[in-house]
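Residue-level listing of the chains:
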Amino acid sequence: MTSTAQELHPAPMLEPGRTILELNGLEKRYPGTHALKPVHLAFKAGEIHAIVGENGAGKSTLIKLLTGVMPRTSGEVIWEGKPTALATPHEAMALGINAVHQEVVLCRHLTVAANMFLGEEESRFGLLQQRAMVKDAQKIIDGLGFDLPAHVMLGDLTIGQQQLIAAARATVRGTKFLIFDEPTAYLTRKEADQLFKLIRRLKGEGVTIIYISHRMEEVFELADRVSVLRDGTLVGTRNIAKTDEPELVKLMINRSIEQIYHKEHFTPGATIVETRNLSGKGFENVSVTVRAGEIVGLYGLIGAGRSEFVTTLYGRHRKSAGQILWQGKEVQVNSEHDAIRLGMALAPESRRDQGLCLNLPVGINLNLPIYKRISSNFLISGAKEKAEADRQIADLRIKTPTRHALASSLSGGNQQKIVIGKWLAHGAKLFIFDEPTVGVDVGTKAEIYRLFSTLLSKGAGIILISSYLPEVYELADTLHVFRRGKLVATHGFRTASHEDILGQALAEKQEKSGGQK
Amino acid sequence: MSTEAIPAEKPKRNFNALFGLTLLGLLLLMWIVLAVATPSFATTLNITNLLRQGSLIAILAVGQTFVIITGGIDLSVGAVVGFTTVIVALLINAGWPIWAAVLITLLVGVAIGLFHGFGIVKMGLPPFIITLATMTSLRGIGLLMTNGNSISINSDSFQAFSRGSLAGIPYLFWMVILVAIPSYVFLHHTRWGRYLFSVGSNAEAARLSGVNVPRTIFMAYVLSGLLAAIVGVLLASRIGIGNPTQGDTYELQAIASSVIGGTSLFGAIGSVHGPLIGSFILSTINNGANLLNVNTFWQRVITGLLIIVIVYFDGLRRRGK
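Residue numbers (this note's numbering), protein chains in the order written: chain V, 1 to 517; chain F, 1 to 321.
Any given hint might turn out to be false.
[To be verified] In silico DSSO-like cross-links for lysine-lysine, where the CA-CA straight-line distance does not exceed 30 Å:
#1 V/Lys139 / V/Lys203
#2 V/Lys82 / V/Lys64
#3 F/Lys122 / V/Lys372
#4 V/Lys281 / F/Lys122
To be clear, the hints were calculated from the coordinates, so they are not data collected in a lab.
Please work from the sequences and hints to get the whole structure.
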């Protein structure tokens, strides 16, 4: 690390392998729930310790306790041999415990440098040393091997780049114990690789890393040990070399891996939608056909034009060329309203920004697309509103006390079920799922996949966008690969290898090919 | 992605009801205290006067609440009130029948609302800016039209309305009820009411769910403009003149009433009964301070402090303490 970073890194590191933090019966109860049952666990200095578990298994609670965001109910926390209260975030930071969250919690309207030094600005005579801070920040960023400028506004970077900055920021504060909460959820593969490099480097410096992720391949790529939480209970800790994915999944959900990807094949029916050389902002010349009873997968890196393609199909953006045929007839889709009237439904990529009205009740969220249908003579039928919402909650097993609970109070997986569930009552013919399982646990994933089959069996067609290859690979009847706004390859169900598909999505120098099979 | 803190909704609902009750309780408590403390409070004259005073702001506050629920704000309503007193006065003095004059005035209010919708939806201006601009300009246009003078309305029957009462309750207060009931039904029992909330909560999610977001925004500002024009007509009837400087700071009182009544300035939270009670709390403070001979300058200070206290406790209650 650079000299600047070392100056900011004053705390002496514990010798690798010794116990840095020990949890002795750590426990958390909320009124009505036992969020974390007594946990006994010792973290070793310099290890990468993965924590996996379904949503609601207690991972968030554990992080909040470790970072002092909320107090524990009982139990002992021993830091470097001494019991500690760990009652406030400030106390945690003073010890050297920091966290990088899935959603970047930095100031978008400040520069990268200002964010890196936020709270610890360099100043002389009370005046900010802006130029010096940009220089130092740049040194740190370069030292970490990130190709990012320090003087630009944070908000001008992609979410993935912001995440890297958040990680870089956490490394310059005398951090000994760093928690990553689903850091790669919004990262491209390249950004994720940079992040992994950073994490390994920190490990080399003796920092203890807690790595929380739903992505098994990352856990196996990075971690030394892995702990599994289920329903608030620590069900096991394994050496990564002595375990495998099926065992972890089994520990997590008490169910085997084959039961997750639930694929039923239906005979494709009539064509629901067809695009002919559709072009728009971010993609060009895309021809895709979706028939009743089939899943069409769109695979590619984030920014490859998949989301732009479907949002244009959905009328959110204007097409610049090409045609959309709905059940054989050419249509103009000028707004979401048009799309919905035709029979399209979109479960967008970002639950928080696009999918949900978080501070409204679950019931209103579920009924939003169908209020017209459940109203008569201007008035909403209270009985129908209740019946529809309660039916979706029951069918999708959405974990909520009642339909009146606010959407924000639900876990990620359950929120995702609302985003999907609101279209079920609407009776759409074409369902577009954009990254439906980001940040969703294995159990909920399996439920969502089973839901796909239900939709297909009713004669619907599905467009499935995913950056997680196994997902589209195991589910899509037709798999289109996108790269840089173009459809570069098309495969049938399991007809190509993972490597080929990855290569097609990544390759920079392959010959230009259009949208042919 | 926190999974904790899933308080059952039932207690929350009770909180809401409790909160409505608490505000109503506060209002009743103020009335009881004033009735005991001053001989002149609990007189028919004073009560009808209080109801008349509170009515105008109450109607404005309902319109303001529609706008605030969408996450917007309407700073123009005070100016619209002043401007529409001029319009209705000019029309009546020009010999138009009262019903026609009133109808046209209300259409002017609708037009102003449409203009706001246009500025926000089509021009992409923030609600604060477009309504601030209208607030300034409308007063200017009114002053230009009247040359800065007040216009006496020469129609006794028009003015008689504001003085009249039915079943012992002033017509002006009946107007509040006439506005409140359809507003309540609209906000809580029609899909457009739901759409207002959804737009205020997350416009993008609402749009992707098929809600016509631009139309919903237009609707909120048109309703606010229309209700402001109604208040303009009522005020003109009450004071018997048209004057563009009337209704000064009404917009702030309407916003304060709405916020006291539990509306969130961040959008997506609000009701009809809350702002109504809020506006009568404000009027009672003014009325009571007058009766208790509190210096009018102090009245302003006290009103400000009470807004802080009431909204602070509202926040505490919402956080479930």
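Hints versus structure:
no., hint, in the structure
1, V/Lys139 / V/Lys203, "holds (20 Å)"
2, V/Lys82 / V/Lys64, "holds (20 Å)"
3, F/Lys122 / V/Lys372, "holds (26 Å)"
4, V/Lys281 / F/Lys122, "holds (21 Å)"
In summary, the structure agrees with every hint in the numbered list given earlier.
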